[in-house]
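Please model the entire structure based on the sequences and the hints provided.
Taken in sequence, the protein lines are chains L and V. In terms of UniProt numbering, the first sequence has 39 at position 39, counting the first letter as 1, and numbering is strictly consecutive. In terms of UniProt numbering, the second sequence has 45 at position 45, counting the first letter as 1, and numbering is strictly consecutive.
One should not assume that every hint holds.
The list makes no distinction among identical chains, and a pair is therefore deemed to hold if it is satisfied within one copy or across any two copies.
To be verified - Below are the DSSO-like pairs computed for lysine-lysine, each with C-alpha atoms no more than 27 Å apart in a straight line:
1) Lys39 to Lys11
2) Lys93 to Lys26
3) Lys81 to Lys5
4) Lys81 to Lys26
5) Lys27 to Lys93
6) Lys70 to Lys11
7) Lys5 to Lys39
8) Lys90 to Lys70
Source of the hints: derived by calculation from the structure; they are not laboratory data. Nothing here was measured: the structure is a model prediction, and the numbers come from that model.
There are 2 protein chains.
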Amino acid sequence: MNLRKATEIGKCLSNETRVQIMEWLKKPEINFPPHETLKHFNDGVCVTYIQEKAGLSQSTISTYLTNMEKCGLLISTRHGKWSYLKRNEKTIKEYINFII
Amino acid sequence: MNLRKATEIGKCLSNETRVQIMEWLKKPEINFPPHETLKHFNDGVCVTYIQEKAGLSQSTISTYLTNMEKCGLLISTRHGKWSYLKRNEKTIKEYINFII
DNA sequence: TTCATATATCGAGATTTATAGATATATTTG
DNA sequence: CAAATATATCTATAAATCTCGATATATGAA
Chain L
1 MNLRKATEIG KCLSNETRVQ IMEWLKKPEI NFPPHETLKH FNDGVCVTYI
51 QEKAGLSQST ISTYLTNMEK CGLLISTRHG KWSYLKRNEK TIKEYINFII
Chain V
1 MNLRKATEIG KCLSNETRVQ IMEWLKKPEI NFPPHETLKH FNDGVCVTYI
51 QEKAGLSQST ISTYLTNMEK CGLLISTRHG KWSYLKRNEK TIKEYINFII
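Laid out in structure tokens, this is it:
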């Protein structure tokens with residue numbers, strides 16, 4: 001972690017919806033319905049569910065999630081036509097160790 | 001800590017200079033000269049020293065520091081005509097516990 | 001291959017933030 | 001009180017971000 005990376009993470013965490021997404025993804029099974037195809041939450045939650053819960057447009061949420069993955073806050077995994085997102089606890093810890 | 005407060009803190013941490021200030025204030029005695037009047041760093045570092053080190057205008061840094069205090073990242077203490085800033089470790093920990 | 005669905009990217013207007021200079025306020029000193 | 005210094009606030013312009021609709025791409029199904 002360095003100053004630039006930490007600032008990129010800070011930018012992602014400077015918007016209420018994005019912080020909310022990080023909170024939701026702490027407990028996917030509580031905050032989201034089980035996916036019709038995938039029967040587990042091992043790789044997180046698909047973009048559509050996050051988008052519907054957040055109530056913003058598909059393009060906006062897609063951009064959010066892409067940036068959150070680029071800065072390391074999230075991990076994205078594709079299964080067929082779905083992308084699943086989960087928290088990247090490793091980077092989150094590195095960020096916290098940088099800030100504290 | 002709640003979603004709104006965490007987002008306010010995130011906004012403060014979304015700018016490289018402000019993150020840098022948080023880092024500098026981890027070790028004031030290493031990053032700043034001792035103050036001519038006050039002989040200790042118990043209350044942190046005065047605005048002028050931070051402003052000079054950051055290299056931005058006085059008004060910009062004053063606004064930064066005011067906002068960082070408002071969201072709880074910093075504690076401000078006045079001694080005569082100087083304002084001293086130090087990290088508010090309590091809020092920082094609350095923020096980290098919210099994020100992690 | 002064609003269609004339907006999921007996600008990503010592009011382009012643009014609205015909103016917010018960055019940053020500075022000017023000015024105001026507070027405090028100490030002469 | 002007047003001058004000097006430190007900090008805060010106001011105002012304005014430039015830059016960045018927000019957010020959407022439109023469009024493109026990717027994948028599975030028919």
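Do the hints match the structure? See the list:
1. Lys39 to Lys11: Intra 33 Å, inter 37 Å, cutoff 27 Å: neither.
2. Lys93 to Lys26: both (14 Å within a copy, 18 Å between copies)
3. Lys81 to Lys5: So Lys81 and Lys5 fail the 27 Å test inside a copy (30 Å) and across (36 Å) alike.
4. Lys81 to Lys26: within (24 Å within a copy, 46 Å between copies)
5. Lys27 to Lys93: both (17 Å within a copy, 21 Å between copies)
6. Lys70 to Lys11: both (12 Å within a copy, 19 Å between copies)
7. Lys5 to Lys39: neither (34 Å within a copy, 35 Å between copies)
8. Lys90 to Lys70: This pair counts as within: shortest intra-copy Cα distance 14 Å, inter-copy 30 Å.
Consistency note: the structure conflicts with the earlier hints numbered 1, 3 and 7.
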